[in-house]
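Q: Residue numbers (the numbering used here), protein chains in the order written: chain A, 240 to 355; chain B, 2 to 112.
No lab work stands behind these hints, which were simulated from the structure alone. It is possible that some hints are incorrect.
To be verified - With a Cα cut of at most 20 Å, we get these calculated SDA-like pairs of lysine to any residue:
no.: 1; chain 1: B; residue 1: K57; chain 2: A; residue 2: E343
no.: 2; chain 1: A; residue 1: K283; chain 2: B; residue 2: Q10
no.: 3; chain 1: A; residue 1: K283; chain 2: B; residue 2: G41
no.: 4; chain 1: B; residue 1: K107; chain 2: A; residue 2: L277
no.: 5; chain 1: B; residue 1: K71; chain 2: B; residue 2: Q15
no.: 6; chain 1: A; residue 1: K283; chain 2: B; residue 2: E6
no.: 7; chain 1: A; residue 1: K283; chain 2: B; residue 2: K107
no.: 8; chain 1: A; residue 1: K283; chain 2: B; residue 2: K57
no.: 9; chain 1: B; residue 1: K107; chain 2: A; residue 2: P278
no.: 10; chain 1: A; residue 1: K290; chain 2: B; residue 2: S8
no.: 11; chain 1: A; residue 1: K310; chain 2: B; residue 2: A104
no.: 12; chain 1: A; residue 1: K283; chain 2: B; residue 2: P40
no.: 13; chain 1: B; residue 1: K107; chain 2: A; residue 2: A327
no.: 14; chain 1: A; residue 1: K310; chain 2: B; residue 2: R37
no.: 15; chain 1: A; residue 1: K283; chain 2: B; residue 2: E39
no.: 16; chain 1: A; residue 1: K310; chain 2: B; residue 2: K107
no.: 17; chain 1: A; residue 1: K283; chain 2: B; residue 2: E42
no.: 18; chain 1: B; residue 1: K107; chain 2: A; residue 2: A328
no.: 19; chain 1: A; residue 1: K283; chain 2: B; residue 2: G86
no.: 20; chain 1: A; residue 1: K266; chain 2: B; residue 2: L46
no.: 21; chain 1: A; residue 1: K283; chain 2: B; residue 2: K58
no.: 22; chain 1: B; residue 1: K58; chain 2: A; residue 2: E343
no.: 23; chain 1: A; residue 1: K283; chain 2: B; residue 2: S8
no.: 24; chain 1: A; residue 1: K290; chain 2: B; residue 2: E18
no.: 25; chain 1: B; residue 1: K107; chain 2: A; residue 2: E279
Treat the numbers as computed from the prediction; the structure is a model and nothing was measured.
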Amino acid sequence: NAGVMQNPRHLVRRRGQEARLRCSPMKGHSHVYWYRQLPEEGLKFMVYLQKENIIDESGMPKERFSAEFPKEGPSILRIQQVVRGDSAAYFCASSSSTTVESYEQYFGPGTRLTVT
Amino acid sequence: TQLLEQSPQFLSIQEGENLTVYCNSSSVFSSLQWYRQEPGEGPVLLVTVVTGGEVKKLKRLTFQFGDARKDSSLHITAAQTGDTGLYLCAVRPGSNYQLIWGAGTKLIIKP
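Next comes chain A alone, as it looks inside the complex:
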């Protein structure tokens, strides 16, 4: 019973490149959340998606960041033209339709992005 999968676990990008982070939710889960964690800080909500829909992107920077959760395949968080300040751990969480109201979210291991 696989949990939330994220890849890659570590990603190094030079300034100006694009970063693509992938998240496969737990089996049976159709709700995906992305969070960013900076060193010595708590997690910050970025975006909440259901299949083919962005429900809440209030935590996502207006520029360079985008997210999708297609009908088939993983959810993707894309960061274009990365800058050093984008270096952080990015976590994906998922929940099912029955647990979304109780907001029981299950987290993946994260992708650690380093921008050089």
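Position chain B against the provided structure of chain A, taking the given hints into account.
A: Below, chain B without anything else, positioned relative to chain A:
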């Protein structure tokens, strides 16, 4: 300012000792969650507390939700090295689905 203030930020104690960490806010919440995060991993949900004054036990961990539902504490009895980690509290304010997080308490249990 943080919606959730966690204290202490850092705690290092010997194995076998007891400890309490706190999650405080000036706002009232319908529920609050505690997570533990180990280095290089994502947070793992420990407990959700819902009712003011509620106490939940998870082996050596005791969680309490304040009567006014503004704060919570986590007490660990006879700490073990396996308890080492970052303890985070989180709430869902309002009707949206995002979680708001405290900055966490980094706990180190020394053998």
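Q: Give a verdict on every hint.
A: Okay, the hints, checked on the actual structure:
1. With a C-alpha separation of about 17 Å, the suggested pairing of B/K57 with A/E343 holds against the 20 Å cut-off.
2. Our distance criterion of 20 Å between C-alpha atoms is met by A/K283 and B/Q10, whose separation comes to about 18 Å.
3. Between A/K283 and B/G41 the alpha-carbon distance is near 17 Å, which keeps this suggested pair within the 20 Å criterion.
4. About 14 Å separates the Cα atoms of B/K107 and A/L277, which keeps this hinted pair within 20 Å; it holds.
5. A C-alpha spacing of about 30 Å is found between B/K71 and B/Q15, which places the hinted pair above 20 Å, so the restraint is violated.
6. A hinted pair counts as satisfied when its Cα atoms are at most 20 Å apart, and A/K283 with B/E6 qualifies at roughly 14 Å.
7. Proximity of A/K283 to B/K107 is assessed by CA-CA distance (about 18 Å); at most 20 Å being required, the pair is judged to hold.
8. Among the hinted pairs, A/K283 with B/K57 is inconsistent with the structure: their alpha-carbon atoms are about 27 Å apart, more than 20 Å.
9. Restraint check: the Cα-Cα separation between B/K107 and A/P278 comes to about 12 Å, which is no more than 20 Å; the hinted pair holds.
10. About 38 Å separates the Cα atoms of A/K290 and B/S8, which puts this hinted pair outside 20 Å; it is violated.
11. For a cut-off of 20 Å, the pair hint linking A/K310 to B/A104 is broken: about 34 Å separates their Cα positions.
12. Our distance criterion of 20 Å between C-alpha atoms is met by A/K283 and B/P40, whose separation comes to about 18 Å.
13. Only pairs whose Cα atoms come within 20 Å are accepted, and B/K107 paired with A/A327 is accepted, the gap being roughly 18 Å.
14. For the hint pairing A/K310 with B/R37, the CA-to-CA distance comes to about 32 Å; that exceeds 20 Å, so the pair is violated.
15. Restraint check for A/K283 and B/E39: satisfied, since their Cα atoms lie roughly 18 Å apart, inside the 20 Å limit.
16. The hinted pair formed by A/K310 and B/K107 fails the criterion: a straight-line CA distance of about 39 Å is larger than 20 Å.
17. For the suggested pair A/K283 and B/E42, the alpha carbons sit about 16 Å apart, so the restraint of at most 20 Å is met.
18. At roughly 17 Å between alpha-carbon atoms, B/K107 and A/A328 fall within 20 Å of each other, so this suggested pair holds.
19. At most 20 Å may separate the alpha-carbon atoms for a hinted pair to count; A/K283 and B/G86 meet this at roughly 19 Å.
20. Only pairs whose Cα atoms come within 20 Å are accepted, and A/K266 paired with B/L46 is accepted, the gap being roughly 18 Å.
21. Proximity of A/K283 to B/K58 is assessed by CA-CA distance (about 28 Å); at most 20 Å being required, the pair is judged violated.
22. This hinted pair checks out: B/K58 and A/E343 have alpha carbons roughly 18 Å apart, not beyond 20 Å.
23. Straight-line distance between C-alpha atoms of A/K283 and B/S8 comes to about 19 Å, which keeps the hinted pair within the 20 Å bound.
24. Pair hint A/K290 plus B/E18 does not hold up; C-alpha atoms about 47 Å apart against a cutoff of 20 Å.
25. Of the supplied pair hints, the one linking B/K107 and A/E279 holds, its CA atoms being roughly 9 Å apart against a limit of 20 Å.
Of the numbered hints given earlier, the model fails hints 5, 8, 10, 11, 14, 16, 21 and 24; all others are met.
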